[in-house]
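S.K.: Using the sequences provided together with the hints, build the complete structure.
Residue strings, one per chain:
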Amino acid sequence: MRLIKTFMAAATALAVTAFVAPTFAADDPGPAAYAQALKGKRVMLVPLAMGFDLAQGWAHYLKKEVEAWGGTFETRDPNWVVDAGAQAITDAISSDTRPDVLIIHAPDLNSYSKLMKKAQAAGTYVLLVDNPANFPADAFVGSDWDRLGQLEAEAAIKGCGENSSKKIGLVQGDQANSSSLYQYAGIMKVLDKHPDFKVVAKPDSNWDATTSRNVTTTMLQQNPDICSIIDFWDGDATGASAAIRDAKLDGKVFLVTTGGGEKAADCDKLQDGTYGAVVMTELARQSGDMNAIIKFLLQSGQPAGTSHTYIYTLEKATTKADLKPDSCWDLKALQAEAAAK
Amino acid sequence: MNAIGWLNLRSLNQEGIVFAIAVVLFVAAAIGLPGFIDPNNLVAIVRSVSVLGILALGMAVVIIGRGIDLSAVAIMAMSVAWYLQLLNTGTSDGLAFAYVVAGVLAIGLLNGFLVAYADVPAIFVTLATGSFVFGYVRSQLITQDAVPVPQGHWVELLGGLRFLDIPIEVFVFAGLAFLFFLFLRYTKWGRYIYFAGDNPVAARNIGIPVRPMLVLRYVLSAFVALIAGLLTASSLHSINTRVVNSTLLYDIVLVAVIGGIGLSGGRGGVRNVLVGAALIGILLNAMTIIDIPLLYQNLIKAAILLGAIIVDGIINPRDEQTAQQGDI
Numbered sequence: 013m014r015l016i017k018t019f020m021a022a023a024t025a026l027a028v029t030a031f032v033a034p035t036f037a038a039d040d041p042g043p044a045a046y047a048q049a050l051k052g053k054r055v056m057l058v059p060l061a062m063g064f065d066l067a068q069g070w071a072h073y074l075k076k077e078v079e080a081w082g083g084t085f086e087t088r089d090p091n092w093v094v095d096a097g098a099q100a101i102t103d104a105i106s107s108d109t110r111p112d113v114l115i116i117h118a119p120d121l122n123s124y125s126k127l128m129k130k131a132q133a134a135g136t137y138v139l140l141v142d143n144p145a146n147f148p149a150d151a152f153v154g155s156d157w158d159r160l161g162q163l164e165a166e167a168a169i170k171g172c173g174e175n176s177s178k179k180i181g182l183v184q185g186d187q188a189n190s191s192s193l194y195q196y197a198g199i200m201k202v203l204d205k206h207p208d209f210k211v212v213a214k215p216d217s218n219w220d221a222t223t224s225r226n227v228t229t230t231m232l233q234q235n236p237d238i239c240s241i242i243d244f245w246d247g248d249a250t251g252a253s254a255a256i257r258d259a260k261l262d263g264k265v266f267l268v269t270t271g272g273g274e275k276a277a278d279c280d281k282l283q284d285g286t287y288g289a290v291v292m293t294e295l296a297r298q299s300g301d302m303n304a305i306i307k308f309l310l311q312s313g314q315p316a317g318t319s320h321t322y323i324y325t326l327e328k329a330t331t332k333a334d335l336k337p338d339s340c341w342d343l344k345a346l347q348a349e350a351a352a353k
Numbered sequence: 441m442n443a444i445g446w447l448n449l450r451s452l453n454q455e456g457i458v459f460a461i462a463v464v465l466f467v468a469a470a471i472g473l474p475g476f477i478d479p480n481n482l483v484a485i486v487r488s489v490s491v492l493g494i495l496a497l498g499m500a501v502v503i504i505g506r507g508i509d510l511s512a513v514a515i516m517a518m519s520v521a522w523y524l525q526l527l528n529t530g531t532s533d534g535l536a537f538a539y540v541v542a543g544v545l546a547i548g549l550l551n552g553f554l555v556a557y558a559d560v561p562a563i564f565v566t567l568a569t570g571s572f573v574f575g576y577v578r579s580q581l582i583t584q585d586a587v588p589v590p591q592g593h594w595v596e597l598l599g600g601l602r603f604l605d606i607p608i609e610v611f612v613f614a615g616l617a618f619l620f621f622l623f624l625r626y627t628k629w630g631r632y633i634y635f636a637g638d639n640p641v642a643a644r645n646i647g648i649p650v651r652p653m654l655v656l657r658y659v660l661s662a663f664v665a666l667i668a669g670l671l672t673a674s675s676l677h678s679i680n681t682r683v684v685n686s687t688l689l690y691d692i693v694l695v696a697v698i699g700g701i702g703l704s705g706g707r708g709g710v711r712n713v714l715v716g717a718a719l720i721g722i723l724l725n726a727m728t729i730i731d732i733p734l735l736y737q738n739l740i741k742a743a744i745l746l747g748a749i750i751v752d753g754i755i756n757p758r759d760e761q762t763a764q765q766g767d768i
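From first to last, the protein sequence lines stand for chains A and B.
Residue 44 in our numbering sits at position 32 of the first sequence, with consecutive numbering throughout.
Residue 640 in our numbering sits at position 200 of the second sequence, with consecutive numbering throughout.
These are computed hints drawn from the structure, not numbers from a lab.
All values derive from a computational prediction rather than experimental measurement.
Keep in mind that a hint or two might mislead.
[As the list claims (entries may be wrong)] Estimated spans, in silico, between C-beta atoms of each pair: (1) B:Phe537 - A:Asp334: 38 to 46 Å; (2) B:Ile606 - A:Asn175: 32 to 40 Å; (3) B:Ile749 - A:Val93: 25 to 33 Å; (4) A:Lys205 - B:Tyr736: 28 to 36 Å; (5) A:Val93 - B:Tyr736: 36 to 44 Å; (6) B:Phe623 - A:Asp334: 51 to 59 Å; (7) B:Tyr576 - A:Ala351: 18 to 26 Å; (8) B:Pro733 - A:Ala345: 38 to 46 Å; (9) A:Asp334 - B:Tyr576: 38 to 46 Å; (10) B:Phe603 - A:Glu349: 25 to 33 Å.
[Said to hold, decoys possible] Just a sample of chain A residues kept apart from chain B, beta carbon distances all over 10 Å, derived: (11) Glu86; (12) Asp186; (13) Lys353.
[As the list claims (entries may be wrong)] Per the computed footprint, the stretches of chain A lying under chain B, defined by three or more beta-carbons under 8 Å from a beta-carbon of chain B, are: (14) 239-246; (15) 250-262; (16) 322-330.
Where a beta carbon is used, it is the ideal one built from N, C-alpha and C, also for glycine.
M.R.: Quick look at the structure:
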């Protein structure tokens with residue numbers, strides 16, 4: 013009896029082993045390693061301000077993903093004040109709950125360089141988003157502003173057409189922000205290849221809609237036959253569009269701008285003809301890029317500051333003709349989704 | 441002997457100097473810059489300083505009464521942002537407007553009460569209420585910096601209004617300037633403001649209701665800010681609360697002060713605001729036509745203003761007689 017039992021047991025054990033072995037092989041070590049590397053990690057976003065479409069969109073997509081893998085996601089709101097941003101970063105680095113990944117939207121080329129270096133020295137990965145800076149961050153995710161400027165210029169040239177005055181006006185942002193400087197460089201590169209097109213004026217708006225309106229009014233006053241205006245941000249291009257409307261030049265001046273692809277800010281205005289073309293950043297994809305590089309860095313085991321990756325978001329100039337239902341994302345819908353939770 | 445008219449340097453005060461600079465700039469631009477003298481460009485110049493000028497009118501009345509209102513820009517942006525947010529979330533127009541008027545009135549009263557009855561210096565009171573208004577509205581009442589005007593709303597239609605091809609802001613600015621002129625020059629309370637600004641204690645001793653009048657001035661300034669905000673939104677079809685962080689507030693004080701309204705109170709009037717606004721308007725327009733980068737524009741603006749103040753200091757030196765207590 014005992015012998016039979018032993019035999020049976022041995023046979024069963026053998027059978028089980030035989031059958032189980034392949035199952036062991038199929039048990040993917042990935043999820044466990046992934047969870048171990050990511051669980052409890054802190055990600056912090058310090059944008060220029062939390063009050064505008066890009067930052068709110070990034071925060072929405074990042075939060076969703078980070079919380080899904082068991083991390084914590086926080087934001088700080090410097091409300092366009094550079095000092096407040098510096099303070100937020102300083103506090104974050106020195107706090108007990110130092111973030112493992114710091115995502116920074118730099119206000120200019122240099123302001124936060126020292127702080128970012130400090131963060132890396134403390135062991136925090138630094139991601140730059142949207143605005144490049146003079147600092148070798150672990151990764152830059154955002155627009156290639158030079159390329160973006162080229163797309164704007166190409167859209168403006170196309171919007172003007174061959175039989176136009178070929179006069180283009182620029183409404184720049186300022187002379188400090190990298191997005192403004194590189195955008196200008198990109199535009200000029202394209203215009204150099206089209207010597208018949210001429211920039212007749214290039215005032216700064218200082219990113220302010222009222223200023224943009226005033227300088228555009230003057231520009232149109234001086235050159236009523238301008239065929240296209242490139243305003244460097246949809247946040248202040250409402251001013252340029254008001255000036256065009258006031259000068260009764262709607263439909264005659266092709267207004268090109270760039271933005272985060274938010275529905276009310278970009279697509280609705282393409283639809284109603286306020287903007288001729290908008291070079292839009294695909295925000296969900298850009299946030300996805302950030303998520304991917306965050307997950308990579310946290311699993312890589314490499315110390316902060318040892319690698320430098322550039323991930324440029326695919327940009328495209330969108331006009332009314334190629335507007336699709338999913339061309340834009342809807343901030344209102346995201347806010348409703350967040351409120352429903 | 442000293443009545444040789446315009447050659448008499450002594451009679452030139454800061455207002456005169458700034459006016460002279462404005463005229464020189466105007467003539468130079470008219471000769472040197474093509475298109476500057478075009479009527480449409482002149483309208484554009486006035487329009488570009490209309491909102492600034494309207495805010496400066498409110499500021500002027502407060503400054504003449506020896507105060508200052510640093511909450512003006514916050515009230516301007518946040519009241520209108522809140523109004524538009526209420527409209528966008530489905531509140532009826534009448535109710536939304538009533539809320540906002542009540543809010544603006546409350547902040548004006550709070551400013552006035554704290555300065556008049558709690559004796560807190562105006563500069564601190566209005567700095568604090570300005571931050572409070574911005575912080576509260578931004579964090580509690582609206583969801584993002586820029587709030588759009590609902591399509592077809594009267595604020596949007598207001599922005600498209602033109603008489604004789606001149607935008608509505610210009611008329612509002614002119615109308616308000618005239619009303620303020622009448623108020624300051626011909627009403628009893630208007631005249632009292634000068635007395636109260638020149639010497640508050642003496643004004644009180646002769647029976648002028650100094651404190652209620654102080655409250656009135658801050659309420660007035662708050663409502664002027666609301667009007668300026670509505671005009672801004674009507675032109676841009678949205679209001680961006682970022683303007684609170686901009687240099688607009690300093691520009692308002694600048695327009696008032698450069699025109700010759702002394703921060704020590706009791707001096708100046710609507711004419712000074714117009715002169716100050718004219719200088720800024722001509723300067724900015726000419727520099728934009730020449731296509732001078734913003735950095736240099738600020739530098740040139742600052743240099744001219746500094747120059748005007750220095751010349752004023754040389755021609756009208758301060759002494760014990762002209763200096764007043766509380767002079768900033």
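S.K.: Please go over all the hints and tell whether each is borne out by the structure.
M.R.: Each hint tested on the structure:
| no. | hint | verdict |
| --- | --- | --- |
| 1 | B:Phe537 - A:Asp334: 38 to 46 Å | 41 Å, holds |
| 2 | B:Ile606 - A:Asn175: 32 to 40 Å | 34 Å, holds |
| 3 | B:Ile749 - A:Val93: 25 to 33 Å | 29 Å, holds |
| 4 | A:Lys205 - B:Tyr736: 28 to 36 Å | 29 Å, holds |
| 5 | A:Val93 - B:Tyr736: 36 to 44 Å | 24 Å, violated |
| 6 | B:Phe623 - A:Asp334: 51 to 59 Å | 57 Å, holds |
| 7 | B:Tyr576 - A:Ala351: 18 to 26 Å | 20 Å, holds |
| 8 | B:Pro733 - A:Ala345: 38 to 46 Å | 40 Å, holds |
| 9 | A:Asp334 - B:Tyr576: 38 to 46 Å | 43 Å, holds |
| 10 | B:Phe603 - A:Glu349: 25 to 33 Å | 46 Å, violated |
| 11 | Glu86 | 17 Å, holds |
| 12 | Asp186 | 6 Å, violated |
| 13 | Lys353 | 16 Å, holds |
| 14 | 239-246 | violated (count 0) |
| 15 | 250-262 | holds (count 5) |
| 16 | 322-330 | violated (count 0) |
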